[in-house]
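**Student:** Hey, can you work out the whole structure from these sequences and the hints?
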Amino acid sequence: MLRLLPQGCTLIKTLYQGAEAIVDLCEWFGKEVVVKTRVAKSYRVRELDDLIRRSRTIREASLLSSAKKAGVNTPFVYHVNPVEGRIIMSYAGSQSLRNMQGSSMFASLISMLGDSVGRLHSVGIVHGDLTLSNVLVSEDRLTLIDFGLGEFSNEVEKKAEDVYTFFSNLTMLHDSETLMKLFLKGYRASAGESAARVEERLREIGSRGRYVEKELRRRG
Amino acid sequence: MEERLTCIGIESTAHTFGISVVKHPPFEALCDVRRVYRPSSGGIHPSEAAKHHLQNASNALQEVLSKISVEDIDLVSFSRGPGLGPCLRVGAALARMIAIKLGKPLVGVNHAAAHVEIARALTKAANPIVLYVSGGNTQVIHPSEGRYVVLGETEDIAVGNLIDAFARKADLGFPGGPRVMELASKSSRLIRLPYSVKGMNVSFSGMLTMLESLVGKEPVEDLCFSLQETAFSMLIEVSERAMAMLGLNEFIIAGGVGANRRLREMAGEMCRERKAVFLDYPVEYYADNGVMIAWEGIVQYRLGESLNVEESVVKPRWRLSDVKAPPPGLYSN
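Chains as they are written, first to last, in the numbering used here: chain A, 151 to 370; chain B, 17 to 349.
Think of the hints as simulated: they come from the structure by calculation, not from any bench.
Distance condition first, Cα-Cα at most 25 Å in a straight line; then the derived SDA-like pairs of lysine to any residue:
#1 163/A <-> 290/B
#2 291/B <-> 275/B
#3 331/A <-> 254/A
#4 291/B <-> 192/A
#5 181/A <-> 161/A
#6 219/A <-> 240/A
#7 218/A <-> 215/B
#8 335/A <-> 216/A
#9 331/A <-> 307/A
#10 185/B <-> 237/B
#11 214/B <-> 234/A
#12 291/B <-> 164/A
#13 163/A <-> 291/B
#14 214/B <-> 349/A
Computed list of chain A residues with no C-beta within reach of chain B, every gap over 12 Å:
#15 164
#16 165
#17 179
#18 246
#19 250
#20 255
#21 261
#22 262
#23 265
#24 290
#25 306
#26 327
#27 344
#28 351
#29 356
Using C-beta positions, here's what the derived DEER-type ranges look like:
#30 290/B <-> 196/A: 10 to 20 Å
#31 117/B <-> 356/A: 45 to 55 Å
#32 252/A <-> 163/B: 26 to 36 Å
Even for Gly, the Cβ is constructed at its ideal location relative to N, Cα and C.
**Tutor:** Laid out in structure tokens, this is it:
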């Protein structure tokens, strides 16, 4: 898949290549940055393709900065080019929560993440793809990345699904029950009044069979 | 090599009543008889469709028997579900009668699995992502480890349902697919419609509402073009996401909407771009047919499935995830 890097940008390495976007680590005016490019799809008519890439790029950039306003650490958006489907943002390192399993800090980081997700939900932001890989750790700070499937929503169902996605990530870990409790403790403290309803819905989702399959598809 | 089996299969889930005889190995369709119900107005009326099937069962069977000899039949299969109850019961009754008369095993097959398996058999796909699209279904499927994993699906109506419902509103007749495709080819003006993809799921009800409100206000060719471009882009996007997530490079489409040239063209383009392969097959096998039921009868029988006549009730809501899938490539000739 081809993408044009912006002027002044030198590719260091490609971090991730998905169906929709390519994420590159680049040098840009002497700074290490992440360049996320939503590539054009030739199967879609040009007009539709432009529309989709443009609106998703704008939405993602706007989610990233709104999250920051809510007190959740996300990459700084340096530059948005909706026409090229490109976002240039700060690089938050390569240490993900997934790599931190087994660390003595892991449990407290999970509780911190609960707090961060609660903050997002309290201002009506749903991440859409909460996984251990999408949470970066530097020292004792968490940075949430990849809001590509995120949206602005206050629906209890969507918030509960958000948490459920993350929990299905945890089920493979040792001591997942305790971790979930820690997450919810952090979540309750910041999610505001809807926390109780989200937790209730979360239990309901767990009892729906279909979500066993959803687990699989969210892992990607 | 497995022993050679010859199966007579009966399809009657919705508008098509089909009987076919398939032999394997090697795969060979000995005959393919179809009688298609066309409603005089509106969409499918289940009891009318069932009446059509009942009226055609005998002449369709006679046509089949004029082409093959009864002694060759080892196995009888029928579409057990999912589908319209009254229609399913016609095919089931005929299948039971043949099985009893010949004293041969009876196999009840899942209609969706039959679509997937005929596509796999005809394309020889080893490990594909399957987009299953028809009047009643829209799913992204991965046959894996003995079962069908549904990775994504519609959250409301099926894409075929979207096309048929729009066509009905625009007075284009039933089924809507062929007319919509023909009219769409006369336009290149895109009207903005809701594009609703969430992860690997899609939703079409918003698009239908908007299309219905535009009938009579915008040229019908433009509406058809915009419907196809928008809905099919959504389907190809979720299919590509599934391929990327599982790292697979084979793609097939199954089900009646696969007969649409534009959808298959987009599938080919998506695969070309990601260096994967879109495996196409003769268009007549995308629509409902008896060949796929006969073939799936052989597949399921080899997996150890068969039914006593007494317990062979139809299952109108049978989910694909409850069906056994054959291992990759096992029966691809």
